[in-house]
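Chemist: So you can see what is in the structure, the chains are spelled out below.
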Amino acid sequence: MTKRYVLVHDENKCIGCQACNVACRSENNVPESVTRIQVRIEGPYGNFPHLHFKYNRVSCEQCENAPCVKVCPTGAAYVNDDGIVSINEKKCVGCLYCVAACPYKVRFINPETRVPDKCDFCKETRLARGEEPACVTVCPTQALVFGDANDMSSEVRKVLDTKPHYQQKVNLGTEPRVYRIPSRKGGIKA
Amino acid sequence: MNNIWGSMEQYDPVVWNWIIAVYLFMAGLSAGSMLVAIGLKWYKQSRGLPTEGLPVIKAAAVIGPVAICLGMALLVLDLTKPFEFYHILLNYNLTSVMAWGVIALLIYIPLVFVFAALVFEKQVLHYAPWLAGVLKVCRQVENTLNKLIFALGLGVGVYTGFLLSAMISYPILNTAVLPALFLASAMSVGSAGNILVATLFFSKKESDCIEQVHRIEYPVAFNEALCLVLLFVGLNFSGPAAQAATAAITTGTWASVFWIGVVGLGLVVPVLASTLAPKAWRHSKGFLITVSCSTILGVLALRHFVVYAGQSYIS
Ligand code: SF4
Ligand code: SF4
Chain F
1 MTKRYVLVHD ENKCIGCQAC NVACRSENNV PESVTRIQVR IEGPYGNFPH
51 LHFKYNRVSC EQCENAPCVK VCPTGAAYVN DDGIVSINEK KCVGCLYCVA
101 ACPYKVRFIN PETRVPDKCD FCKETRLARG EEPACVTVCP TQALVFGDAN
151 DMSSEVRKVL DTKPHYQQKV NLGTEPRVYR IPSRKGGIKA
Chain R
1 MNNIWGSMEQ YDPVVWNWII AVYLFMAGLS AGSMLVAIGL KWYKQSRGLP
51 TEGLPVIKAA AVIGPVAICL GMALLVLDLT KPFEFYHILL NYNLTSVMAW
101 GVIALLIYIP LVFVFAALVF EKQVLHYAPW LAGVLKVCRQ VENTLNKLIF
151 ALGLGVGVYT GFLLSAMISY PILNTAVLPA LFLASAMSVG SAGNILVATL
201 FFSKKESDCI EQVHRIEYPV AFNEALCLVL LFVGLNFSGP AAQAATAAIT
251 TGTWASVFWI GVVGLGLVVP VLASTLAPKA WRHSKGFLIT VSCSTILGVL
301 ALRHFVVYAG QSYIS
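For the record, the sequence lines run as chains F and R.
Residue 1 is where the first sequence starts when you use the working numbering, and the numbers rise one by one after that.
Residue 1 is where the second sequence starts when you use the working numbering, and the numbers rise one by one after that.
Accuracy of the hints is not assured; some may be wrong.
Pairs of lysine-lysine residues, derived as DSS-like cross-links and limited to a Cα-Cα distance of at most 25 Å, are as follows [to be verified]: (1) K70/F with K81/R; (2) K58/R with K91/F; (3) K58/R with K204/R; (4) K158/F with K123/F; (5) K58/R with K105/F.
Here are a few chain R residues that sit away from chain F, every Cβ distance over 12 Å (derived from the structure) [claimed, not checked]: (6) V14; (7) W100; (8) I168.
These are calculated hints, taken from the structure and not from any lab test.
Here the structure is a predicted model, which is why all the values come from computation and not from measurement.
The beta carbon of each residue, even a glycine, is placed where N, CA and C say it ideally should be.
Using the sequences and the hints, build the whole thing.
Modeler: As structure tokens, this is what we get:
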């Protein structure tokens, strides 16, 4: 694996506007009833009057050690050469094992294809054309940074090297490739 | 609720539903009844007693194949792409417990049919005389066959537990106790199922083999109870998320299912019935039927409890 695509979500910059959510929907033709990304507005946290909200991005974490891939009986859930956790629709039987096993609950059955669906960093469309994922491009506050973490000169590398960050549920050993910069008010909470 | 980020419906942590619970029950029933029947056969043989025509073995020969086939049918119908289920027979990802289960079942299912055909040899030959040659060959390797079925039965019983315990983010499921619990309860539902079918259809008199099946019920019930205790005590010491999951047996609908179904019907009723009931009752048909039905319902409740409560608490 020469590339290691990662995404950083800066929870200080995020305003919970859902532009990413909407852009993803139109880019990937996600049916109305389901979603690949949500930015949940959680809270308020803190003591009055110093209240704040947390912006929690919920999307596939592209786990390096992906439970969904491990449990899939047919190998329909697999890791692509670029490290992106992908789905081979032809091999899938729709047993829902991967949906149940994903600790982040980000897999869902696409009502049109009857196959599990989730964020794939727009790999077949935008990434293939050398562009960034739709959510990253559209974010009005530049809260999202995307790139190849193996490339020492990439912006994503710089951000990860200089800013404190955390990943969700690290205790499960999934090694997510979505990193989060914690809100200065919130502190680190995985 | 209307959130600005959209519907939360797809994030329901309960992904596998009652169909899976019933499948797990059926697989356990089939495996358990084969284990009990073959175990009983070996026990009898080791004492030089006859094993032909024992009602419990006949019962297992019916339950073994029927239960696993019904279970498989449910499982396939529950897939989102039921007509493409053959992919699961062509591609094997060996890190997946389910793939191992497919391999085990692929050998187990035909073998239980052979077992049944040997038990009902006369009837089979009556309707299908052309099978005589095949059955003769099977009869010659019967002992090896039984050992193989026994090993695969253990495999099937245990795999149903590993299937769930591989899901790392559910504290109730992700424990090493679960496969042991499923195997123990498979044995108890297997012996209860054998007794039920034997008394209903095959026994002409009070049969001593029912007594022997009863004898394995105590250790099995004890193991089942022990596994349940270990499961919840273990959760209590495994960090906050796991500790929160112990609420599964104290609050909500699934707590009632647990105490009334799993503990009450599955453990307390059968144990009390066979210790306290007056001697005269113990071999009456009504008594055997009631007690075995109670055990069967208890195990059915256990599978539902584990599937639903297990998935409701996520760490
Ligand atoms: S977040 Fe879920 S779907 Fe994405 S790679 Fe990890 S386990 Fe798989
Ligand atoms: S639903 Fe499809 S991709 Fe998911 S585990 Fe089952 S076969 Fe694999």
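Chemist: Tell me the numbers of any earlier hints that the structure contravenes, in ascending order.
Modeler: Per hint list: 2, 5, 6, 7, 8 violated.
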